[in-house]
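Peer 1: If you want the building blocks of each chain, they are given just below.
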Amino acid sequence: MALRILIAEDEEITLNNIVDTLKEEGYIAIGVKNGIDAWKTLETERFDIVITDIKMPGINGIELLEKIKDTYPDIEVIVITGYGSVSSAVEAMKKGAYDYITKPFDLDDLVLKVKKIEKIETLKRENTALKTYFGINEQITIIAKSEGMKKVLETVEHIKDSDFNVLLTGETGVGKTLIAKAIHFRSKRKECPFLSLNCATFTEELLSSELFGYEKGAFTGALSAKPGLIEIADTGTLFLDEITELSTSLQAKFLKVLEEGEFYRVGGVKPKKADVRFIAATNRNLKSLVSEGRFREDLYYRLNVMEIFIPPLRERKEDIEPLSLYFLKKYLPKVNKKINGISPDAMEVLLNYSYPGNIRELENIIERAIILEKSPFITTESLPPMIRELQVETINPDRIKTIDELIKGYAKNVVKMLGGNKTKAAELLGISRTSLWKILKDD
Amino acid sequence: VGKNLLYVTFRGKGSGKGLSYMIDLAKIVGKGIAILVIKRRNIAGRFDALMSAITFAEAGEHEFAKEMLKTDKKDTEIDDITKICKASGITPLIYIASGDITSALKGIIKKDKSIDMVFLSPEITSGVLSVRDFKRLLKDISVPIVTMTSKTKINSKNLTEVA
Numbered sequence: 384m385a386l387r388i389l390i391a392e393d394e395e396i397t398l399n400n401i402v403d404t405l406k407e408e409g410y411i412a413i414g415v416k417n418g419i420d421a422w423k424t425l426e427t428e429r430f431d432i433v434i435t436d437i438k439m440p441g442i443n444g445i446e447l448l449e450k451i452k453d454t455y456p457d458i459e460v461i462v463i464t465g466y467g468s469v470s471s472a473v474e475a476m477k478k479g480a481y482d483y484i485t486k487p488f489d490l491d492d493l494v495l496k497v498k499k500i501e502k503i504e505t506l507k508r509e510n511t512a513l514k515t516y517f518g519i520n521e522q523i524t525i526i527a528k529s530e531g532m533k534k535v536l537e538t539v540e541h542i543k544d545s546d547f548n549v550l551l552t553g554e555t556g557v558g559k560t561l562i563a564k565a566i567h568f569r570s571k572r573k574e575c576p577f578l579s580l581n582c583a584t585f586t587e588e589l590l591s592s593e594l595f596g597y598e599k600g601a602f603t604g605a606l607s608a609k610p611g612l613i614e615i616a617d618t619g620t621l622f623l624d625e626i627t628e629l630s631t632s633l634q635a636k637f638l639k640v641l642e643e644g645e646f647y648r649v650g651g652v653k654p655k656k657a658d659v660r661f662i663a664a665t666n667r668n669l670k671s672l673v674s675e676g677r678f679r680e681d682l683y684y685r686l687n688v689m690e691i692f693i694p695p696l697r698e699r700k701e702d703i704e705p706l707s708l709y710f711l712k713k714y715l716p717k718v719n720k721k722i723n724g725i726s727p728d729a730m731e732v733l734l735n736y737s738y739p740g741n742i743r744e745l746e747n748i749i750e751r752a753i754i755l756e757k758s759p760f761i762t763t764e765s766l767p768p769m770i771r772e773l774q775v776e777t778i779n780p781d782r783i784k785t786i787d788e789l790i791k792g793y794a795k796n797v798v799k800m801l802g803g804n805k806t807k808a809a810e811l812l813g814i815s816r817t818s819l820w821k822i823l824k825d826d
Numbered sequence: 111v112g113k114n115l116l117y118v119t120f121r122g123k124g125s126g127k128g129l130s131y132m133i134d135l136a137k138i139v140g141k142g143i144a145i146l147v148i149k150r151r152n153i154a155g156r157f158d159a160l161m162s163a164i165t166f167a168e169a170g171e172h173e174f175a176k177e178m179l180k181t182d183k184k185d186t187e188i189d190d191i192t193k194i195c196k197a198s199g200i201t202p203l204i205y206i207a208s209g210d211i212t213s214a215l216k217g218i219i220k221k222d223k224s225i226d227m228v229f230l231s232p233e234i235t236s237g238v239l240s241v242r243d244f245k246r247l248l249k250d251i252s253v254p255i256v257t258m259t260s261k262t263k264i265n266s267k268n269l270t271e272v273a
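Those protein sequences? They're chains A and B, same order as listed.
Numbering-wise (the numbering used here), the first sequence opens with residue 384 and increments by one.
Numbering-wise (the numbering used here), the second sequence opens with residue 111 and increments by one.
Chain B on its own, in the form it takes in the complex (with noise of 0.2 Å):
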């Protein structure tokens, strides 16, 4: 029972971005906190382990070439944002999806009602959303939607134009 404010982000460096500010937010408008954590789908470096695994395994380093085929790794990141949001008294829901951030977006607004806000983390603002991607969020999602963006970021970017 009660409302929460859905934190998207990508799995990886830097997915805790913004994450302290949506955690005092939440404090604030007295509201829990869920997070999204997107796997994206990174073909190359999958091939890249495969061929790997295969020249290995032909060496005969099999225990090595079934080491590279893991997909599954510890989330070391899921578990820091867990933490970062536990040490704030807030335990937070965590879903994770994989791929396309729309529909893993669609899909949880559709299952989960308590989601009350979505906040979008820097690391998804910072040019993965397409404008097509940003028409189809508006058009499936009627909560607000929460665009956090480094100003560092647009400075800098600003800053190579002019240059």
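Isolated chain A (complex conformation) (with noise of 0.2 Å):
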């Protein structure tokens, strides 16, 4: 895409000249003759590069120049200045200017600085799709009212700023990947690219070649070499969900990545080095996939430096209102509808749900209420039908509380309560010291 450029001289031949010898180089070039038509077009139409006289009528060049960082930073502009008048070629430089060019100039001087500018400008647009690209820039709203939220976002600020590894576990549509990428975002590698990548999604082959790359010829279609994942994502972090759908030959070689920070690329035969912060995810149990033999124990630990738990939406129902809210928040500019709320006896069946899909299956509800709802406030005859049909629970048998750990849960509560007085926590408990003492001994 040609640069816009926008030139504002007073002398006619040189501004013509100037106007010619850009359009020459493929710029769009547009000449006018004092800063106030100058002001004028930059008001209308957007341009890259504004060249300018120091000395001109009405508006002078370097009013031009405040006016145009105080409104358009991302304009360069290069200065004109009269010969021998240093002093406001300086001035200029302070106020921003990208470079400036004495009179009388060559026009070669003039389009090499022009093409400064492009390459410039061409890295920053690329810069700019990239960080769309990896997520960079993007906004993380994250809703914890519940108790277990608040832990696991205390939990993230801890370790925002270590390098080590983390394992993120939960069921599927709890917000996984939202809090890789809160970790990220928050870490002193935030400018760097986060990466994900589902383990679950591609063949051992396809995930070899994602997560190592390959060189020229490694197979029948590599017909030039291409960098892995963890060599893009080199510097920042990559978030590998599913992990335990790696297969034990990948998570052999993955083993070596996090051990020595070593890989080959497939078909490649020098070692290659990244620097990446592993965050890895599962919905499975991961012990006991090691105790099946199933997961490598080796890598169970090197990846699970820190685990954060993110428990399920039915296990903090706190977040429930908060959350349908965000949503129609989110999802209500999307349609041409006025809608103020969620009717108590919605917000009752969305509160009295146990969402398999969690969050993921919450924010989908809302979305679909949102379209059907034709009151101002969502009502339960916009909610599915077979939420308000079917009696659905949610039993994960890895979290499943015996009697005593429920009993000990409720007692630390009590004393936590009651700031630690434990004479007390027993007394409201409506047992003895030593009871209590027996519950909680273990920790």
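Everything hinted at is true.
Calculated lysine-lysine pairs in the DSS-like style (CA-CA distance at most 30 Å, straight line): (1) B:K137 / A:K564; (2) B:K216 / A:K670; (3) B:K223 / A:K564; (4) A:K700 / B:K261; (5) B:K137 / B:K127; (6) A:K438 / A:K450; (7) B:K245 / A:K700; (8) A:K757 / B:K137; (9) A:K564 / A:K636.
By construction, these hints were calculated from the structure, which means they are not laboratory data.
Please dock the two separately framed chains into a single complex, following the hints provided.
Peer 2: Right under this line is the structure:
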């Protein structure tokens, strides 16, 4: 895409020379004879570069530069100064001009300066595109009213600036990817790439080439070398979802990356190094997979330097209402409707549902309800009929607590509530101090 | 490649209850669907068929007797379930087992590593599963189990108890 350049110069011959030369070089060049016209043109059209003479009637070059930097800071400005007026050139540079050129000047010099800016502009655009691709600049909103989620966010804050690997566990749809992004974008790596890969969606061969990359000729169809995600994520973070889907051979290769920071591209002979923070996620019980021999124990310990468990939505009912209202606010602008909130009846249905698909399911329910609702409030009629007709309960065998565990949890909460006073806690619980001590003894 | 939600139901009338709910959920969470259809052992029914076949055979109606002994009647319910899934753009993976739910489920989860969650249809949850069965399920299965029960059934049950 050709750069758009505005030239403000009161000497007609110089102005025409500049405009013609820049047009010959393939740029879109528009010339104006004074600062006032330059400003008017800037207000109606988009430009990448402004070339301005300093001495002009009306608004002079320095004033124009100041206005541009105030309103359009991304536009680069080259000022043209008269012979011997070094002080005005210095003033212009201090006020944010990209460069200056002294009269009489060689047009080739001016073209060189423009080309330099063009290179920077291209890099800036590529950078913006990459940032969008890698999710940098993404706004992350995490709703955490429940104790469980508050704890998760506290842990994220604690670990954000360390470099160790993180294991995120939790059921499908609880927001593991969001937490992984939160860790990355609050860390010192936030300006570097955040890449994610779902290990369950690739075959072993594809996963291997996606992760480690490949050399030219490594397999049929490998017409050129390609870097893998580990290489691309260098200095950033790589999020590996459904880590348990790595085959045993890939687990071994991945362990080498974690232990030595070194890997080989598929078909490669030279080891490559990358500084990557890994965040792995799974909805399975990794410990039991280790005991079944389906997941390497050494890899488990390497990944599990810090485990963050994200509780399912049914275990943090306090988050349902704020999440529902957040999704309502998120999706409402997409439809031309005025919905003021969620009716108490509908909220009761939402609060009593067990969400096997967790937050992803709640988001879908609200999005759907917004489309269907005809009244100013979300009513039960616009909620999926199945969640009204079916009693759905989710049980995670890994998360079933024994009566002893429940008693202990309750007793701990009472003690906490009373500021650690165990005598008062025992009295409130209606048991002796010895009994309370017995309940809490393993802590 | 990819993960599946497993829908467990009995073969017979009403075997697809709750299936559309599960299809919606599978789409939301981006997973596929596997279906386990359990054939109930109907010893009394089989004995009746056998006795009738003998009676017909004794009366010389050999063809009719043979027909009565045929056990592989066409699985129209399975066809229906498959059609419902396909109409929603999902091609399900179908498993058929007979007898004990817990053993069948345990076997499939051990064999098929893509199963991410188990959904027990209202047909399964409405009184067929004993506490012992449920204990075994929780002990042997490590993936989340979702039970679906018809709300109208719960309400009518409560009314009967009160009456």
